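Engineer: Got chain A; can you put chain B on it based on the hints?
Heads up: the protein sequence lines correspond to chains A and B, in order.
End of the first sequence sits at 450 in the working numbering; the numbers just go up one at a time, nothing left out.
End of the second sequence sits at 1102 in the working numbering; the numbers just go up one at a time, nothing left out.
Keep in mind that a hint or two might mislead.
[Claimed, not checked] With the Cβ distance kept under 8 angstroms, some of the chain A side facing chain B (calculated, not the full set):
no.: 1; residue: Ile57
no.: 2; residue: Val61
no.: 3; residue: Ile86
no.: 4; residue: Val342
Derived from the structure by calculation, the hints contain no laboratory data.
Since we're looking at a predicted model, the values are computed, not measured.
We put the CB at the ideal spot given by N, CA and C, even for glycine.
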Amino acid sequence: MLSNPANARKGNLIAAAGMAIAIFATIFLYENEGKNLGNYGWIFGGLIVGTVIGTLIAKRVKMTAMPEMVSLFNGMGGACAALIAIVEFNHLQASTLIHDEPIPSGTMLSIILGLIIGSVSFAGSIIAWGKLNGKLKDVVFKGQHLVNIAFLLMILSVTAYFLYFNGSESPAIFYVIFGLSCAYGILFVLPIGGADMPVVISLLNSFTGVAAATGGFLYDNQVMLTGGILVGAAGTLLTILMCTAMNRSLQNVLIGSFGSSAASTATGSTASGGQHKEISVADAAMLMNYANKVIIVPGYGLAVAQAQHTCHELEKLLESKGVEVKYAIHPVAGRMPGHMNVLLAEADVSYEKLLEMEIANDEFKSTDVVLVLGANDVVNPAAKSDPASPIYGMPILEVEDAKNIIVNKRSMKPGYAGIENQLFYQPKTSMLFGDAKKAIQELINEIKNS
Amino acid sequence: MNEIFEWIHLHQQIIYIVILSIFLGAEVIGRVPSVLHTPLMSGANAIHGVVIIGAIIVMGQAESDNILALVLGFLAVVLGTLNVVGGFVVTDRMLEMFKKKK
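Next comes chain A alone, as it looks inside the complex (with noise of 0.2 angstroms):
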């Protein structure tokens, strides 16, 4: 159902209802050795709290903002598992030691998947969260790696001990085995650099899942069960995706030194660039407003500058001078992958103005002048001729077939892969830099005045 946007949006409602559905059924329905649920009072008070603050912040929230809000949704979810898993181990071990018998290792197995996965995942997502919203900075450390492998590997061994002893006569190790996930969810995301967080949000997503899944298996409860395991393996499909559309190995994220390693092997591989060349406002806007066709590429920078709805209007005034202006999308553009999309969709872009890829990159040789709104590894031609390059074999828009490139950015500095971009370098190539908000809208005035 979501494999076009105009039925997506049934599919969602669908899924939404039977989810209602299920919450509802195991209210009313569920039982346990004869027993239903008790404890409606605050059950409801809880779901009526959760959807009231629930849906004022998904209303609330502005599409730009979106990362940072499936992260913080995400979080919520792993702090759900989590909890579960703790209620129910006090919950198990308070009946062991009134019935003297073990808790069976199966069920043991669960609750302490549910309570790792569960903690790695809302922490992480937390992290994840602060970071998109810019109050947490990338935090690196020498040995960061080593640091978190040993965290790694001291949660494993302590769940290890804690199965084999049945650890249910030591509960202090329980709450140990928490504290350490929680700290590595926190390890594992702290160095990882903004551009690369949506392939974490998509794989602390797909954790969660699985923490739901393992409260399935906790409960024997096929709809949780097949819900989390969707999720989980749809959400390591997606960053694996990601991953390749960014030619990053997942490995790197799951060590988590993004980012990091890429930078140090990129700055010996890239010649110094030589010469850019500056461009003024007034000159690019002559060059966009006697142009035949115009297309915009835009990148991270447009996103973090919110300037689609003023991107939007420049597009609208070129169209009236007769210019024909589309939009090239790169998979990756934005702050996740399709992201972009939502943006411009939001700003009233019309959906056929939108060329994917391909279709971009046949209609460029056609096309009088290019302008790159934040947008840097998308565009490197070091992607197709450089084999030594990190970015090597990713597919990049072809913006250096159009007769002028107009590159808008704030400053020469690399984009996240950490290396000069040639592109910036050649002939046809005029960097116009500044906020990408305040230089469309110079450029507007610009055109309007001429």
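Structural biologist: Relative to chain A, chain B alone:
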């Protein structure tokens, strides 16, 4: 160890479901165009909110004099609901924008 094997044996059906779901999940993603990956991620995010069912069960089974279990369970229900409701609403908002264009 034997207990674990026994447990696997007991839960054979569930294990089949797991395998099926994995295939289904992979199939679902494979068919979605990259245009929709952001809503997809957020939709998947909402779906793993099924963890709420576990929270409800935990809550419902807690003895009414066990304050700790009640409070933690309540928190779990609230967080789970946030995940479900927030996830679906956000996804709907995103998809609504696509629809307007068609």
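Engineer: Tell me, in ascending order, the numbers of any earlier hints that this structure violates.
Structural biologist: none
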